[in-house]
Amino acid sequence: MPKTHITMKVNGSEVEGLAEPRTLLVHFLREQAQLTGTHIGCETSHCGACTIDIDGMSVKSCTMLAVQANGCEITTIEGMANADGTLSPLQEGFRMMHGLQCGFCTPGMILRAHRLLRENPSPTEAEIRAGISGNICRCTGYQNIVKAIQYAAAKINGVEFQEAAE
Amino acid sequence: MIPGPFDYHRPASVSDAIKLLTDLGDDARPLAGGHSLLPMMKLRLATPAHLIDLHGIAGLKGIRRDGDRIVIGAMTTQAELLASTEIGANLPILHETALLIADPQVRYRGTLGGNVANGDPGNDMPALMLALDASYRLEGPNGAREVAAREFYQGAYFTALEPGEILTGMSIPVPPVGHGYAYEKLKRKVGDYATAAAAVVLTMAGGKVASCVIALTNLHETPLLATDAANAVIGTALDDAALKAAANAARAIMQPASDARGPAEYRIHVGGIMVMRALQRAASRSK
Ligand SMILES: Cc1cc2nc3c(=O)[nH]c(=O)nc-3n(C[C@H](O)[C@H](O)[C@H](O)COP(=O)(O)OP(=O)(O)OC[C@H]3O[C@@H](n4cnc5c(N)ncnc54)[C@H](O)[C@@H]3O)c2cc1C
Ligand code: FES
Ligand code: FES
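Chains A and B supply the protein sequences, listed in that same order. Under our numbering, think of the first position of the first sequence as 1, with each following residue one higher. Under our numbering, think of the first position of the second sequence as 1001, with each following residue one higher.
Treat the hints as calculated values from the structure; they're not laboratory data. Each hint can be trusted.
Cβ-Cβ distance ranges computed for the label pairs, FRET-style:
(1) F104/A - K1187/B: 17 to 27 Å
(2) S1211/B - T4/A: 48 to 58 Å
(3) P1176/B - A164/A: 36 to 46 Å
(4) E1146/B - A164/A: 50 to 60 Å
(5) C139/A - A1210/B: 49 to 59 Å
(6) D55/A - N1248/B: 44 to 54 Å
(7) E73/A - G1206/B: 55 to 65 Å
Residues on chain B that point at chain A, a partial pick, calculated with CB under 8 Å:
(8) G1034
(9) H1035
(10) P1039
(11) L1043
Bear in mind the structure is a predicted one, so any value in this text is a computation, not a measurement. Even for Gly, the Cβ is constructed at its ideal location relative to N, Cα and C.
Can you make the complete structure from the sequences, with help from the hints?
Following this line, the structure appears as structure tokens:
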């Protein structure tokens, strides 16, 4: 199949490359753009490890064609740190609250949480759990992931983070 | 997990899409949100030679009021349905159901048109379209036609869509002010397809059910309109006997497959329970 020349803006920089129609966006990002932080965890569009932010939406990049992202604006985990290289509130939260459990699914979790907090800056615990229901954690549980997102929400809102009583 | 090879087309108008579908024939498939089609292609359960991406067609999106109906473009996503105040105010059952479909990432991409055109008995929106008596606008090489949702589903993945036709939109009569509604869905986990689900839209008058429609998801190879079940509650105050009669009448038409979500007997059993719960919740919401 002939390859198409595509360009997209990823983490603020222009990325271009050739993609077959069947090339999934996740493969384009990993193999053409060399951004390997976005992971592939399943065959069935269920796990969310490949979640990126594209034109203001959280999308599973394994279920979108690279050619469909032509001209789009994308954020991946590599674009999450602050401009000066320090950790963003979400990254800091995952570190401080030990939300980074296995680490494999974490980029997708962080990108999903990023869009969730843009849409709902002060989510309740239930809203956080529903908001990340498309991201599967198989290792332990969501407790610390939820705490990490609460930590980031507090930091972004400029209020003090208080751990809920167990 | 890479799909087989295919050619990608991105037409800019409905007529170009129809022309491509007509010229390329059986090997071409429309691509909407891709959240049913691409997973099937990754597993090589579907191997179309051409994908006709509908994302380039302006005008297939949007939600508008047209007299006493709401018209929704086929490419409107579940996330857009959830964000719409028009839908929230007039068709709240669409909100309730959209929230039960998959997860946020899937809802950003998955479209209402793709959900209802897919013909998968597990899809949630078709039962609503039956319950609300929606009609679908199909456009093809011979022009446009309207087909009632109640006539559209003919078998698993088998619909009234003719070769070369695409679904361009759904038109739904606005239910009466104060109607009660509920979509009760039993699933194994958040984001899963229904083990069994029931949609109810009803009106009450003087404490009794005045009108009622019930439709079922994933309890047969097509969505089902449960007319006898609805008739069993009309005129009653939804007492225990009426609820049980409705559940039994609904069970009589269920023919689910046994699958990972449970053996057929179990799915029929819980299907009846979904009918009873949906009736009760709909009644409690009617004003
Ligand atoms: C993890 C996961 C969980 C899910 N859980 C649920 C769930 O709980 N409930 C549920 O209902 N769905 C669920 N889905 C499916 C999801 O809702 C899909 O988005 C939906 O079924 C199809 O919509 P789409 O826009 O993605 O269509 P596509 O996948 O693009 O298309 C589906 C089919 O319809 C055809 N088609 C699409 N649009 C048109 C049109 N306008 N005219 C003619 N033919 C057309 C395509 O050719 C294809 O055959 C899930 C999906 C995933 C990945
Ligand atoms: S790899 Fe995309 S959802 Fe699992
Ligand atoms: S943190 Fe990665 S699977 Fe649980």
